[in-house]
Structures are given as structure tokens and as C-alpha cells.
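Sequences listed follow chains X and B, in order.
Position one of the first sequence corresponds to residue 1 (this note's numbering), numbered consecutively onward.
Position one of the second sequence corresponds to residue 1 (this note's numbering), numbered consecutively onward.
These are computed hints drawn from the structure, not numbers from a lab.
Some hints here could point you the wrong way.
As the list claims (entries may be wrong) - List time: in silico DSSO-like cross-link candidates among lysine-lysine, alpha-carbon distance up to 30 angstroms:
1) X:Lys48 / B:Lys117
2) X:Lys48 / B:Lys125
3) X:Lys48 / B:Lys12
4) B:Lys125 / X:Lys54
Claimed, not checked - So these bits of chain B aren't anywhere near chain X, every CB distance computed over 12 angstroms:
5) Lys12
6) Leu129
7) Tyr184
Glycine included, every Cβ here is placed at the ideal spot set by N, Cα and C.
So the chains spell out like this:
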Amino acid sequence: MKKSNKFLAIALLCFCFNSCDDTYSQGKRIYSALCANCHMEDGSGLNKLIPALKGSSYLSGDSKGLVCVIRNGFRADSLGLTLRYMPAHPKMTDVEMTNLVNYLSMNFGNQKHWQLSEVKKNLQQCK
Amino acid sequence: MTVACKPGDAAKLPVLGNPVTENGVTREHTIRPFQYLSQDSVNINNDSLSGGVYIADFFFTSCPSICPRVMKQMLRLHDEFKNVEGVRLVSFTLDPKRDTVGKLSVYAENIGVKSNKWLFLTGDKDFTLDLADDFFVAALEDPSAPGGFDHSGKIILVDRKGRVRSFCEGTDPTTIPDFIKDVYTLLDEEKQ
Numbered sequence: 001m002k003k004s005n006k007f008l009a010i011a012l013l014c015f016c017f018n019s020c021d022d023t024y025s026q027g028k029r030i031y032s033a034l035c036a037n038c039h040m041e042d043g044s045g046l047n048k049l050i051p052a053l054k055g056s057s058y059l060s061g062d063s064k065g066l067v068c069v070i071r072n073g074f075r076a077d078s079l080g081l082t083l084r085y086m087p088a089h090p091k092m093t094d095v096e097m098t099n100l101v102n103y104l105s106m107n108f109g110n111q112k113h114w115q116l117s118e119v120k121k122n123l124q125q126c127k
Numbered sequence: 001m002t003v004a005c006k007p008g009d010a011a012k013l014p015v016l017g018n019p020v021t022e023n024g025v026t027r028e029h030t031i032r033p034f035q036y037l038s039q040d041s042v043n044i045n046n047d048s049l050s051g052g053v054y055i056a057d058f059f060f061t062s063c064p065s066i067c068p069r070v071m072k073q074m075l076r077l078h079d080e081f082k083n084v085e086g087v088r089l090v091s092f093t094l095d096p097k098r099d100t101v102g103k104l105s106v107y108a109e110n111i112g113v114k115s116n117k118w119l120f121l122t123g124d125k126d127f128t129l130d131l132a133d134d135f136f137v138a139a140l141e142d143p144s145a146p147g148g149f150d151h152s153g154k155i156i157l158v159d160r161k162g163r164v165r166s167f168c169e170g171t172d173p174t175t176i177p178d179f180i181k182d183v184y185t186l187l188d189e190e191k192q
């Protein structure tokens, strides 16, 4: 292999590793900024008040509903109490959403690898 | 935090705050008289808490910022002292308009508190904002802050005379072990 080709191959390899690393590091940054105050850095939550992420039905099986609950949030309490409440995140881009759900799946869930196209399709199906 | 003490006085925590002189009489800084309703709709005042030491914080149930992190550490302290006589936990809401007795009761249940070891108190908002000063906690109403209130996440230790003896940062779990030691130090002091 020529010297210049070798250099190109190494540069490409570095780019790939950086890109891969960036996928999860952005997801982690989003998680720390938007989710960790309530769900805690380790995803343990706060008893019945704030659900733990480990073992959550949103992060098992086909993770149905995960992107929708992040996008739309929910207010589960019909009495109007702000307990068991999760805020909506309407401004999160599809790419940010993909990075976040990949971080969640890898750290707290079923190791599912989300593709951007799948996230977009799921978001379109949100009620 | 562990507060440095004088040599030979290792088992005693200092009394925090500046002494106050009134009518020529100097007294130590203490928490002003208060009266609140607990999550069980029971009247709670300073006398109700004078049978032991208590650990206090300020919060509101709809707080979207630091409160869950602080509550996690309060829960840790609750679990540490749940079987220790003479220690209670007290959480004052800054938002009594939304945090009614009924709501605090649901909140306590969801956190997993079943006894009166940990009191969630609601009362007059303006009084509570002033009361926070006595605990050296910054708290103010601010429409631009998340949830409408700005406040620090300090957790405060108060002795049976209503004096502040130690504190830690509820947002920093690494400060809790030394705070727990301070609580035990105060309990030992109060036995003497």
C-alpha cells in the first residue's frame, strides 16, 4: 500500500471511530441535560414518583412508544396533580432523538440499535 | 460537610450563623417560630420537632430542575435514619398554591414514605421564602425560573434547640456521607 493510501485509511478509520463515539456522546449529553434531573444519571429514578429506566417497558421488546413519549411527554394523573408527569420535547430534532434513544437503549435497555429512518417512522405514527 | 472543630472539642459541631443581639441580650441564631400542615393534615410547629434533631430541605412537587436529585439524597438519609430515634426529615414546599395537603400526601406515598418520620409541610408562601433564610437556603419566586421558583438544594441539620449545626449539597451525592457522620455526631452530643 502506498504511503498516501495508508494515511487515508488511518484517517478514515479515525473518522469512523469518532463518528461512532459521537453518536453516543451526543445522546449522553442530551440525557444529562434533559433527562437526568428526574431519572438520575444512573437511570434509577425515584421510587414510584419517577420511574426507573432499567426494566422500563419503553426500553424492552420493540421499544414501542419510546420516541413518542419523549416527543409528547405525558400527564398521567387525571386529578391534575403534576405527579408522574413528563415534559414534552417538541424541539428535539430527529437526529438528536436517534442519538438519545440509542444512548438509552445501550445503557438502560435492550441494546436495540435505532436507525434514523426507524425513528422518523415511529415519530410519524405518534398520536 | 464535616465542620472543623477546635482541638479537644472534636465531638461537637459548631452552631452556624451569626449571634443576634436584642435589647442588650445576645442569643445564637435559631429557626424562627413556624406553623405548617403536614401531608397528614397535622399541625406542625417548632415544638413538634423539638423532641429531636431534624434534617430539612425546600422543594416543590412540580419542580422540574434540582428537586428530584435533592429528594433522592433526602430518601437516602431517610433510609439511613428510619430506625434511629430522635431524627426526622422535614421538606418545606415553596409552592403551597399547588402543593396542597392532598398533593403532598400522594407525593410522600409515591416516594415511599409511610410514617411521620418524614414530614412534607405546606403553609404560607411568603413566610416560607423568609423562613428559608433562617436555614441559609436561597429561595425566591421567579417567573423565569423552571417551575416559577429559584432555590438552592442545600440539606440542613437542625438541633433540638432550633440551631443550624451542619449542611450539605443535596445536588452532590458525594457530600452525603460526611453529613450522615455529622448527624450521628449531633445525636451523640445531645445524649450528653
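Evaluated hints:
no.	hint	verdict
1	X:Lys48 / B:Lys117	holds (19 angstroms)
2	X:Lys48 / B:Lys125	holds (27 angstroms)
3	X:Lys48 / B:Lys12	violated (38 angstroms)
4	B:Lys125 / X:Lys54	violated (37 angstroms)
5	Lys12	holds (35 angstroms)
6	Leu129	holds (20 angstroms)
7	Tyr184	holds (25 angstroms)
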